[in-house]
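Novice: Given only the sequences and the hints, what does the whole structure look like? Please build it.
Counting in the working numbering, the sequence shown runs from 14 upward without gaps.
Honestly, the hints are just simulated from the structure, not real lab data. Take these hints with a grain of salt, some might be off.
Distance condition first, Cα-Cα at most 20 Å in a straight line; then the derived DMTMM-like pairs of lysine to aspartate or glutamate [what the hints assert, rightly or not]:
hint	residue 1	residue 2
1	LYS63	ASP89
2	LYS63	ASP130
3	LYS63	ASP132
4	LYS135	ASP148
5	LYS114	GLU83
6	LYS87	ASP130
7	LYS114	GLU61
8	LYS96	ASP130
9	LYS114	ASP130
10	LYS45	ASP143
11	LYS45	ASP148
12	LYS135	ASP95
13	LYS87	ASP53
14	LYS135	ASP89
15	LYS48	GLU83
Beta-carbon label-pair distances, calculated as ranges [to be verified]:
hint	residue 1	residue 2	range
16	ASN103	GLU43	33 to 39 Å
17	ASN88	THR119	26 to 32 Å
18	GLU83	ALA146	35 to 41 Å
In this text, a Cβ means the ideal position worked out from N, Cα and C, and glycines have one as well.
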Amino acid sequence: MAAAKLVRVSALAVAVVLVALPTVAAATHEAKRFKVGGADGWRVPPPEVKEMYYANWASRITFYVGDFLEFVFKNDSVIQVDKAGYYHCNFATAALRDGHKTFRLTAPGNAYFTSADVDRCKMGERLMIDVLAADHPAAPGPWMPAPGPSSSAAAVAYSVHTAAVALVTVAAGLL
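Specialist: Written out as structure tokens, the structure is:
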């Protein structure tokens, strides 16, 4: 009888761990590298899509602090600018013209990039992205409960651990 009770408690503990692991894993992020513009790289977009070209590319990606943006180009440049520099193509920064530049995303919020050539910027060669905190939980899948009010990995891990201990304790008392 005691052995059967132990088996049931052990099975419940394993089930709790299997349910909790994806939640804890979702609270962390491994840095990724993205080639801006995909296979086309960094260039002046076609005139008919100039305002939406890089916005469409970025809309398919979720960017996190720690990720890298890789700009690959020929006879061009790229600089990181502020919001005004992005919207008005108004900046005074030295251009990086070596054909390849990688930026690490270091803070949550909007990040702005443009060609250092004002004319190219006005032709749509500019990118604005939203960067999420690295510990921002992933969107819940059909098997994952919605995230709680805290987005820190430590809080999620503590909550999962506390819930698992409570479930095992209750289950042990019921058996």
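Novice: Against each hint, give a clear statement of whether it holds in the structure.
Specialist: Now the hints, each set against the structure:
1. LYS63 / ASP89: Judged against 20 Å, a Cα distance of about 17 Å means the pair holds.
2. LYS63 / ASP130: Since the Cα atoms of LYS63 and ASP130 sit roughly 15 Å apart, the hinted pair holds (cutoff 20 Å).
3. LYS63 / ASP132: Distance of about 13 Å is within 20 Å: holds.
4. LYS135 / ASP148: violated (35 Å)
5. LYS114 / GLU83: holds (6 Å)
6. LYS87 / ASP130: holds (13 Å)
7. LYS114 / GLU61: Cα-Cα ~27 Å, so violated.
8. LYS96 / ASP130: Distance of about 17 Å is within 20 Å: holds.
9. LYS114 / ASP130: holds (16 Å)
10. LYS45 / ASP143: holds (15 Å)
11. LYS45 / ASP148: Status holds; Cα separation ~14 Å.
12. LYS135 / ASP95: This hinted pair holds, its Cα atoms lying about 15 Å apart.
13. LYS87 / ASP53: holds (11 Å)
14. LYS135 / ASP89: Holds, at roughly 14 Å.
15. LYS48 / GLU83: Roughly 5 Å separates the two Cα atoms, so the pair holds.
16. ASN103 / GLU43: 33 to 39 Å: holds (36 Å)
17. ASN88 / THR119: 26 to 32 Å: holds (28 Å)
18. GLU83 / ALA146: 35 to 41 Å: violated (22 Å)
Checked against the numbered hints above, the structure breaks hints 4, 7 and 18 and satisfies the rest.
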